[in-house]
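Colleague: Chains C and P supply the protein sequences, listed in that same order. In this text, residue positions in the first sequence follow my numbering: the first is 1, and each later residue adds one. In this text, residue positions in the second sequence follow my numbering: the first is 1, and each later residue adds one.
FYI, nobody ran anything at the bench for these hints, they're computed from the structure. Be aware that a few hints might be false.
Because identical chains share one entry, a pair is satisfied inside a single copy or across any pair of copies.
DSBU-like mimics (lysine-lysine), calculated; alpha carbons at most 30 Å apart, straight line [said to hold, decoys possible]: (1) Lys263 / Lys316; (2) Lys248 / Lys234; (3) Lys294 / Lys86; (4) Lys263 / Lys248; (5) Lys234 / Lys263; (6) Lys67 / Lys129; (7) Lys129 / Lys294; (8) Lys115 / Lys129; (9) Lys234 / Lys217; (10) Lys86 / Lys172; (11) Lys172 / Lys242; (12) Lys115 / Lys255; (13) Lys242 / Lys255; (14) Lys234 / Lys255; (15) Lys67 / Lys86; (16) Lys67 / Lys255; (17) Lys115 / Lys234; (18) Lys83 / Lys65.
Nothing here was measured: the structure is a model prediction, and the numbers come from that model.
2 protein chains.
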Amino acid sequence: MNNNRLCQMLGIRYPIIAGGMNWVSNAELAAGVSNAGGLGVVVPSAGLPPSGGDPVENLRQHIRKAKQLTDKPIGVNIPLDRKAAKSYAEVAVAEGVSVAIGSAGNPALYTGMLKNAGIKVLHVVASVKHARHAEAVGVDAVVAEGYEAGGHNGLDELTTFVLVPQVADAVKIPVVAAGGIADVRGFLAALLLGADGVQMGTRFLATTECIAHQKLKEAVVNAPDTGTVIVMRKLGVTRSIKTGMTQKYLEAEAKGASIEELKALRYGRARMGLLEGDMEEGDASCGAIAGLIKDIVSAEGVINRIMGDIPQALNKLNGKLNIGGKY
Amino acid sequence: MNNNRLCQMLGIRYPIIAGGMNWVSNAELAAGVSNAGGLGVVVPSAGLPPSGGDPVENLRQHIRKAKQLTDKPIGVNIPLDRKAAKSYAEVAVAEGVSVAIGSAGNPALYTGMLKNAGIKVLHVVASVKHARHAEAVGVDAVVAEGYEAGGHNGLDELTTFVLVPQVADAVKIPVVAAGGIADVRGFLAALLLGADGVQMGTRFLATTECIAHQKLKEAVVNAPDTGTVIVMRKLGVTRSIKTGMTQKYLEAEAKGASIEELKALRYGRARMGLLEGDMEEGDASCGAIAGLIKDIVSAEGVINRIMGDIPQALNKLNGKLNIGGKY
Numbered sequence: 001m002n003n004n005r006l007c008q009m010l011g012i013r014y015p016i017i018a019g020g021m022n023w024v025s026n027a028e029l030a031a032g033v034s035n036a037g038g039l040g041v042v043v044p045s046a047g048l049p050p051s052g053g054d055p056v057e058n059l060r061q062h063i064r065k066a067k068q069l070t071d072k073p074i075g076v077n078i079p080l081d082r083k084a085a086k087s088y089a090e091v092a093v094a095e096g097v098s099v100a101i102g103s104a105g106n107p108a109l110y111t112g113m114l115k116n117a118g119i120k121v122l123h124v125v126a127s128v129k130h131a132r133h134a135e136a137v138g139v140d141a142v143v144a145e146g147y148e149a150g151g152h153n154g155l156d157e158l159t160t161f162v163l164v165p166q167v168a169d170a171v172k173i174p175v176v177a178a179g180g181i182a183d184v185r186g187f188l189a190a191l192l193l194g195a196d197g198v199q200m201g202t203r204f205l206a207t208t209e210c211i212a213h214q215k216l217k218e219a220v221v222n223a224p225d226t227g228t229v230i231v232m233r234k235l236g237v238t239r240s241i242k243t244g245m246t247q248k249y250l251e252a253e254a255k256g257a258s259i260e261e262l263k264a265l266r267y268g269r270a271r272m273g274l275l276e277g278d279m280e281e282g283d284a285s286c287g288a289i290a291g292l293i294k295d296i297v298s299a300e301g302v303i304n305r306i307m308g309d310i311p312q313a314l315n316k317l318n319g320k321l322n323i324g325g326k327y
Numbered sequence: 001m002n003n004n005r006l007c008q009m010l011g012i013r014y015p016i017i018a019g020g021m022n023w024v025s026n027a028e029l030a031a032g033v034s035n036a037g038g039l040g041v042v043v044p045s046a047g048l049p050p051s052g053g054d055p056v057e058n059l060r061q062h063i064r065k066a067k068q069l070t071d072k073p074i075g076v077n078i079p080l081d082r083k084a085a086k087s088y089a090e091v092a093v094a095e096g097v098s099v100a101i102g103s104a105g106n107p108a109l110y111t112g113m114l115k116n117a118g119i120k121v122l123h124v125v126a127s128v129k130h131a132r133h134a135e136a137v138g139v140d141a142v143v144a145e146g147y148e149a150g151g152h153n154g155l156d157e158l159t160t161f162v163l164v165p166q167v168a169d170a171v172k173i174p175v176v177a178a179g180g181i182a183d184v185r186g187f188l189a190a191l192l193l194g195a196d197g198v199q200m201g202t203r204f205l206a207t208t209e210c211i212a213h214q215k216l217k218e219a220v221v222n223a224p225d226t227g228t229v230i231v232m233r234k235l236g237v238t239r240s241i242k243t244g245m246t247q248k249y250l251e252a253e254a255k256g257a258s259i260e261e262l263k264a265l266r267y268g269r270a271r272m273g274l275l276e277g278d279m280e281e282g283d284a285s286c287g288a289i290a291g292l293i294k295d296i297v298s299a300e301g302v303i304n305r306i307m308g309d310i311p312q313a314l315n316k317l318n319g320k321l322n323i324g325g326k327y
């Protein structure tokens, strides 16, 4: 018996979803997360070669491989701002995934089509307004993603701490908290703030199954609390691990570089950072919680550690609340 | 018997501190918070007239008045970047406050002097490095303040969600979480993230005792989730409630205005916003959690509500964790 409504909805044991990470969220990582009781996801760009390749066909192959590696539910991330978004949704339907998580676009686009195919639809939001809209167009649950998250963030810069309770108050559907979560403390704090479950990206980046380059994984493990930075504030708000490239970018931005100059510095660097591990010239989206991550373990290790640490974390909380018989 | 180490250290019943708010943290609000079991604080600029006045003497009078209004501990906020900082510390010693909370400067300056007078010294930090430094120079506890907070924030933009657990891991002294907290969910989430207690500013701004202008209190109550914004990104990072002035400022910033032009737009506007309630021309520091605040109540009401809501919040958490017999 599992009373968590997100777990019930998605058919998973633990309310932990792997955040879709461009280039790196592949079949092996997804299966690792799902086999451990969470929800693993694959992305269209997973492991694509420098030459590009066909992300639609790539998505199909990663779904198929993930389904070979686990009999548990698998999800896909659909970046709705891409030209191929509809094709991604069609692949999700054709290959029979359990969950589709939309982001960076209008949730009205393919929610009906996906739901008609029996797929649960989640949508990533960064404000109350967008959460209400997602619910209104039939999305099954929202992922409330704070400013702490790696990659593209909302322009309003609402953090996990302020976004989650306000989204939880605004919608009736389940809420998944994302951004800044990497251990049992963040997991439980997110649930207390009003979420039904969590989505973690960066914690799953530093796992053995992840195809991110070893140098990037080590950079995450070695990152201090100040190890990430916002680039592209004028071109959207994107959080990356600090590299030689982000330093150059911020210096150019401070000197008043044009949008074209900034684009030239930043665009086309993600594969270099994520898959080639070039921490000088490359760019790698990374959450602000990198500083808390101290080891590279399996996806199962990540999930089991969080679940195993719950009793001790609750005991600590109760000790702090022992403030005079009654509150 | 109170087992919370922050409560033990400060001699208070509940681990809730009122954040020092320039212009508005006066004797009545401080006494209201302390009488309700938290720690109230006064600031040198509380209620000063447009002509300025003497903030040192003003601080002394507010301490004296607060001590007339409560027999519980009272704190002072010492902005360490001000010329009069040493005088503020001397007033704290002379008037015998219980707690001094330093911010925006070097904690080494007056910690020894204050501690020799039997005053507990807290210091506001926004990164692990500064937390470690504060502990090393003898501070009794750190206030880990996230990017959500109103007023001046750290340049690294570390949010409450990522800052608190990393500071808690880095120091042995008690940690107070600040930024984004306004209800029982934030209170408990902060404790779970590793804090021993919380500091709240904006929630106490919207109280009956607070001398902030009624128009500002109403603006807080009516603020949506996106109701605050960062101004002065080039001059420090300051969070304010959105006003006509912040709109003009951001437009000027986007057009590439000079630092001098930006200063002219922003400086000298705080009293107008906070005490005169001018939501067009004034500026008012305000936390990102304003959107969660829906009413103006007494300071005691704020504290009693949080404490009273704890059992229900923990029950909700336990329900979400009922995920299959064991985790």
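Colleague: Would you mind marking each hint as holding or not holding in the structure?
Modeller: Status of the hints after comparison with the structure:
1. With identical chains, the CA atoms of lysine 263 and lysine 316 are never at most 30 Å apart, being 47 Å at best within one copy and 46 Å at best between copies.
2. In the homo-oligomer, the alpha carbons of lysine 248 and lysine 234 lie at most 30 Å apart both inside one protomer (15 Å) and across protomers (18 Å), since each shortest distance falls under that limit.
3. In the homo-oligomer, the alpha carbons of lysine 294 and lysine 86 never lie at most 30 Å apart, since the shortest distance is 39 Å inside one protomer and 41 Å across protomers.
4. Taking the shortest alpha-carbon separations for lysine 263 and lysine 248, both the intra-copy value of 12 Å and the inter-copy value of 27 Å come in at or below 30 Å.
5. For the identical chains of this complex, lysine 234 and lysine 263 are neighbours both inside a copy (10 Å) and across copies (22 Å), given an alpha-carbon limit of 30 Å.
6. For the identical chains of this complex, lysine 67 and lysine 129 are neighbours neither inside a copy (35 Å) nor across copies (45 Å), given an alpha-carbon limit of 30 Å.
7. In the homo-oligomer, the alpha carbons of lysine 129 and lysine 294 lie at most 30 Å apart only across protomers (17 Å), although the nearest pairing inside one protomer, at 36 Å, exceeds that limit.
8. In this homomeric assembly, lysine 115 and lysine 129 come within 30 Å of each other (Cα to Cα) only inside a single copy, at 22 Å, whereas the closest approach across copies is 49 Å.
9. Taking CA atoms no more than 30 Å apart as the test, lysine 234 paired with lysine 217 passes inside one copy only; the shortest distance there is 28 Å, against 32 Å between copies.
10. For the identical chains of this complex, lysine 86 and lysine 172 are intra-copy neighbours only, at 27 Å inside a copy versus 53 Å across copies, given an alpha-carbon limit of 30 Å.
11. Within a single copy, lysine 172 and lysine 242 get their C-alpha atoms only as close as 38 Å, which misses the 30 Å cut-off; across copies the closest is 28 Å, which meets it.
12. Taking the shortest Cα distances, lysine 115 and lysine 255 never come within 30 Å of each other, neither inside one copy (48 Å) nor across copies (45 Å).
13. When the C-alpha separation of lysine 242 and lysine 255 is checked against a cutoff of 30 Å, the pair qualifies both within a copy, at 19 Å, and between copies, at 27 Å.
14. Within a single copy, lysine 234 and lysine 255 get their C-alpha atoms as close as 14 Å, and across copies as close as 12 Å, so both meet the 30 Å cut-off.
15. Within a single copy, lysine 67 and lysine 86 get their C-alpha atoms as close as 22 Å, which meets the 30 Å cut-off; across copies the closest is 67 Å, which misses it.
16. Taking the shortest Cα distances, lysine 67 and lysine 255 never come within 30 Å of each other, neither inside one copy (50 Å) nor across copies (52 Å).
17. For a Cα distance limit of 30 Å, the shortest separation of lysine 115 from lysine 234 qualifies neither inside one copy, at 36 Å, nor across copies, at 47 Å.
18. In the homo-oligomer, the alpha carbons of lysine 83 and lysine 65 lie at most 30 Å apart inside one protomer (24 Å), although the nearest pairing across protomers, at 66 Å, exceeds that limit.
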